[in-house]
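Asks: Read off the chains here:
Number of protein chains: 2
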Amino acid sequence: MDRIPILQMGRFLLVTIQVDLYDRLALNLESDLVQMVNKTGARGVLIDISALSIVDSFMGRIIGNIGSMSKIMDAETVVVGMQPAVAITLIELGLELKGVSTALNVERGMALLQTKIGPEEDTEEDEDDRGS
Amino acid sequence: MDRIPILQMGRFLLVTIQVDLYDRLALNLESDLVQMVNKTGARGVLIDISALSIVDSFMGRIIGNIGSMSKIMDAETVVVGMQPAVAITLIELGLELKGVSTALNVERGMALLQTKIGPEEDTEEDEDDRGS
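Residue numbers (full-length UniProt numbering), protein chains in the order written: chain A, 1 to 132; chain B, 1 to 132.
Note that these hints are calculated values from the structure, not bench results. Incorrect hints may have been included.
Claimed, not checked - Covered by chain A, per the in silico footprint, the following chain B stretches (three or more residues, Cβ under 8 Å):
no., segment
1, 16-30
2, 44-54
Stated by the list, open to error - Using C-beta positions, here's what the derived DEER-type ranges look like:
no., chain 1, residue 1, chain 2, residue 2, range
3, B, LYS116, A, ALA87, 33 to 43 Å
4, A, ARG61, B, ALA87, 31 to 41 Å
5, B, GLU92, A, PRO119, 46 to 56 Å
Bear in mind the structure is a predicted one, so any value in this text is a computation, not a measurement. We put the CB at the ideal spot given by N, CA and C, even for glycine.
The whole structure should be built from the sequences, with the hints applied where relevant.
Replies: Right, dumping it as structure tokens:
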């Protein structure tokens with residue numbers, strides 16, 4: 001597998017990371033995600049890491065990168081489903097997930113995104129039309 | 001990895017299959033999913049296979065099993081994100097995904113589930129209370 005699927009759910013994108021990210025996979029994920037945000041106009045990115053029992057500094061950096069890139073593209077990033085052991089490890093290693101919020105599970109993550117980005121606007125296409 | 005994460009989204013469960021299923025992983029997925037349906041009272045199961053470029057008879061059987069098990073637990077199963085090549089292979093191999101519906105992507109899959117299971121009822125807890 002050299003790509004992690006990105007699922008669109010309304011205004012959000014959902015990525016479930018199930019395998020350890022190696023270089024190419026991580027780079028593909030970053031570029032795919034930015035392109036998806038651009039293409040779909042998504043306002044939020046949910047990254048589910050419930051399948052990961054280990055998060056190392058590389059993974060932490062990739063998640064941070066994704067958060068920063070999404071931010072530039074005007075999308076918020078929320079990491080969901082972190083296992084307790086992973087949270088402990090992150091703190092013990094002094095790793096921070098900069099620029100990303102966390103939530104217990106996908107549903108809470110979605111709720112968090114909803115509050116962050118506010119209520120759904122009337123289709124952005126209208127604004128585009130007005131602008132042109 | 002020996003477990004595929006199952007995400008709850010409202011009344012639905014979402015499973016993203018990103019790796020080839022081997023025996024134990026498939027069995028774990030089946031049992032996890034049935035337990036999740038039981039625990040959450042989910043009415044629909046979405047299986048995203050957009051990351052799979054190959055579906056063999058084993059995978060087909062597992063998806064069929066999940067569909068049948070979910071059906072018994074009163075949940076509909078929809079397979080989403082199938083790649084065109086996979087659809088071609090399925091037909092050429094004469095494999096059928098019995099008991100499951102398909103949809104182009106997660107959003108359409110959700111819409112399909114909504115129509116299949118009808119509008120949201122007022123919290124099932126109320127019915128339980130009435131029953132007891």
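Asks: Can you tell me whether the CB distance of ARG61(A) to ALA87(B) sits inside 31 to 41 Å?
Replies: This hint holds: roughly 38 Å between Cβ atoms.
Asks: Quick check on a hinted range of 46 to 56 Å for GLU92(B) and PRO119(A), using CB atoms only.
Replies: Hint holds: Cβ distance 48 Å, inside 46 to 56 Å.
Asks: Test coverage of the segment 44-54 of chain B by chain A using CB-CB distances below 8 Å; three residues minimum.
Replies: holds (count 3)
Asks: Okay, LYS116(B) versus ALA87(A) on CB: inside 33 to 43 Å?
Replies: At 38 Å between Cβs, range holds.
Asks: Please count how many residues of the segment 16-30 of chain B have a CB within 8 Å of a CB from chain A and say whether that reaches 3.
Replies: holds (count 3)
The structure agrees with every numbered hint stated previously.
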